Each structure stands twice: as C-alpha cells, then as structure tokens.
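**Q** Sequence order for the protein chains is A and B. For any residue, its number in the working numbering is found by taking its place in the first sequence, counting from 1, and adding 69. For any residue, its number in the working numbering is found by taking its place in the second sequence, counting from 1, and adding 10.
Among the clues, some could well be false.
Unchecked claim - Reference listing, derived: stretches of chain A covered by chain B, where coverage requires no fewer than 3 residues with Cβ under 8 angstroms from a Cβ of chain B:
| # | stretch |
| --- | --- |
| 1 | 230-241 |
| 2 | 273-283 |
Stated by the list, open to error - Take a look, some chain B residues computed to stay more than 12 angstroms from chain A by CB distance:
| # | residue |
| --- | --- |
| 3 | Arg39 |
| 4 | Ala124 |
| 5 | Pro134 |
| 6 | Ala156 |
| 7 | Phe212 |
| 8 | Asp214 |
| 9 | Arg234 |
In case anyone wonders, no lab produced these hints; they're calculated from the structure. A quick note: this is a predicted structure, and the numbers were derived from the prediction, not measured. Every residue gets a Cβ at the ideal spot worked out from N, C-alpha and C, and that includes glycine.
Letter by letter, the chains look like this.
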Amino acid sequence: MTDVIQNAIDALSLGSLYALLALGVALIFGIMRLLNFAHGQLIVVGGYSLWVLDGLPTPLQILGTVLIVIAFALALELIAFRPLRNADPAVLLVSSFAVAFLMENLALVIFGGRAKGVPLPEWLSDNLVIGSLRVPVLSVVSVIAAAVLLASLAAFLSRTSIGIQMRAAAENFGTARLLGVRANTVIMAAFAISGVLAATASILIIAKGGTVTPGMGTAPVLIAFIAVIIGGLGSLKGAVYGGLLLGILTVVLQVILPLSLRPYRDAFVYGVVLLVLTLRPQGLVVLRSALQRV
Amino acid sequence: MPPLLEIQDLVVSYGGTQAVRGVSMRVDRDEAVALIGPNGAGKTTTLNTVAGVVRQAGGEIQFGGQNTRGEPPERLVRRGLALVPENRQIFTSLTVEENLRLATFMGRSPDAAADIEVELERFPALRSYLRSPAGSLSGGEQQMLAISRALLCKPELLMLDEPSLGLAPRLVEVVFEALRGLRDVGVTILLVEQNAFQAIDFADRTYVLSAGRIALSGTRDELRADRRIESAYLGGGLDES
C-alpha cells in the first residue's frame, strides 16, 4: 500500500513538471501559432542563473533566477520573433530552432561543456517520513508549485483584463485587434508568463538532477511538444492533461514493466502516445473554435 | 465640415489580383450609407481596408480628416472606427460578458458597467447568457453580441459586414430594427449587405460595387426606381451601358 502511495506521488510529481513544461509551450502556441523550440533554452538559462547566483540566500537565488529567465523570454520575443511577426508560422519555428542552437552554443562557449553542480538546500533532497511512508520533499514541492502556478494562471486568464485579452487573441487574433487588443501587449505578457513557467520547471529539474549542462534543454522541450500535441494543439487545458498523462505514464510503466523490459520504458511510453494520436488525432481536448473553423 | 470617412481611388490587391480597383466614396457624419453588390465585388475588402485589417495598394483613406495609411486596427478603433466583421467572429470560448468587457478595456468607455447595461437593454436576449460561453449562442444572438461589442468601442463610425448573413428572416428583422434604432439616434453607419433592397431602404445613400469599382450610387429614392441595380447583380458591365 505504501508503495502505491509513494509511486502515485512520484507519478503526480513528474506529471506536474511535464504539465508546467507543456503549458509554457502551449501558451505561446495559442497566441502566435509558434511551437517555441527555444523554450528548452529558457530552462538552460534558469539552470545557469541558479549556478551563477549560488551563495545568495535561497529565496533571492530563486527570485533572481525567475527574473533572469523572464528577461531572456522577453528578449527572445523582441529579437527572434517580433521582426518576423507577419511571417508564416513555419518561419517562426525555424527561427526558434536557430535561436535555440545559438543559445546552446553560447552556453557551451561561456560555461564549457562539463556539467556544473548546483547545490540546492539540503531539505529539498530530504524525505518526509509519515509512518512507513517516505516521500521525497522535492516531489511534494513539485506538485505544490505546479498546482499554485496552474491556479494563478487560471485566475489571471479569467479575472484580469490582460488575461481576457490573451484568451481572445489566442482564439482569433485579427478580431481581437479590431476590438483594441494590442498585439505587442498580449505577446509580451505571454512570453513573460512562459518565462515564469520555464524558470519553475528549470528549478525543479535542477533540484532533482543537481547539475546544469548546455544541452539540458532539449529533452524537456521535446516532452513539452509531445504533451501539447497529445493534449490538443492550442488548448491550455489539453497541455496540462497531456503533461500529466505523459509523466504519470512514465512512472507507471517504470513500476509495472518487468525488469528486463525497463530499459525500453520510453519505447512503451511513446507507443502509448502513438496510440492516443491514432485514436484521437485532434488531441484530447478539442477547441470549439477549431471545430467551427472547419 | 469634411466627411467623416473619405475614400479616394482605393486599390487593394491580393497576390496579384486586384479586388478593389479605384473605389471612391464618402460617409458624412450622422449618415447611414450602404455598400452593396454581388459576391466578390470587393465590399468586404473595402471595409477591411478601412478598418486597417488589409493594406491598400493605392489611393487614400481619410478618417476624421486624417490619413489612415499604415495604421493597424487596434489604433484605428481607438480613433473611433469599429467594424462588425463578416461571420460575426465572436470569441466562442469566452463568456458573453467577457466578449462585451473586452471592448471596454481600451478605455474609450468611461463607465463600462453602465455601457454594458445599455447593450443588454438593446438586446435583452443576451442577458441570460452573460456567464455562458458565447459559442453556445444561436446565430442571431451571436450577431447581436457582435454589434453590442462594436458599440462598446464607442465608435464614431460603425461599419457592419453583412450582419444578416445566415440568419432566419425573423432575426434579420431584429438586427435591422436595432440598426434603424442606431441610425435614428444619429450613429454614423457604413453597412455592407448582400440583400440589396433591404440595404437601400435602410440607408440614406447607397453605393453599388461591381467588379471592384463603384458602378452606381444614389439616395434611397433615386435607387429604388433604378433598374440598373439588377444588371449590376447580374455582373453586367455598367460602365459601358
């Protein structure tokens, strides 16, 4: 029984991390129809920020990291995407690849290829012991961080004027502009929020792995792309479901697969992904607006 | 006083083909003007260009005495130019209330709550759906929402692109009743319509567009009697006749 609970918490914790990753990508896609490959590099920026700010009190280190990642996210929009505002989404995608590789190689030149250790407070790697149950503090922190961010984002999108403008722009940018929604305002807001999501994901990944490398952004961004697509492109809810599904599936397969098959866990995970896409090519959540456009 | 909207020799091209080929027209303050013509005549393109959605290839558009060239829609709506786009284009995933509030965020409406209340009195059918996704509205209700939303932009010129499209006759009447109400309190209107005779009856003056050019124009009384309207819809070259 305790095994089941521990595995469930693990699954939820990985699922929340993937949901945060997917949400950062889905938010930008919703508004700009851009799959932002450089979102992975924001995670790298977060990792090196933690490393550079090591020595500061932890809250300042985290706050500084979030601010630096937001600054990079905004710079990304200003430098790599704004000049291409009216270009085809495929051009934006290529631009996001280019800027991602540029950033990865800059990190390689500046920090070198060897992994840098980022010491985080010891209590994060402790276990919470409740009776016979041992739960990693980090898992609990991941779940809480994701839940708080999701709830804040939902409140922001439904309660604030910028949030309502962002949702309108995500559904139909042209008509939103006719009603006075400024393109730059909503796009900058979306990049700033995707920066907060990337910074949080980055801190959780670093807390788990303990090191930062220039190439560490690629795997998370691919997971985010897959989660966004199985969730239903353009739907924020779908991205969260997709991320949770992918994370939970990974942990469940890790547990139930026989030992001899465990090295091939990811093959099973992506087998299920393929199955989902075959059965529901439109993704788990389909937007009404997308239906009406057909 | 100069006209509120003055279009001179407007040319608009889409990838090599000219959709609008030298249109000149004007809308005076407090006037209701209709722009009619067969499918593909360039009516929607003309409205979209005035609203800043489409860039012109040639000609001038003056709104309130100032050139609009290069101004994006979000700036023009702040100058008082609102468009109810073709097919209504309401935000189906937002609630009805959010659709209405969206138009008040740019600050042209000093008391948003009171202005929204005015719209709910104009279209009482919307009131019971305030908290529902706008996608659950019927076509007629969506059109009412689209008109209310444009009015909440506090426009000096209200442009409507085929507000009767796809509506049952009873709802077309509801929409036109509302438009007559607006016309009679002095809202300046530029209306694009398929339904030529309804539009001519509604407007003080009407322009007939054919193959990207103004083929004919006149007041309500002048055009009611004019047989050439029918030939414009049959696609005949009016210039030669």
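**Q** Hint by hint, where does the structure go against what was stated? Just the numbers, ascending.
**A** 2, 6
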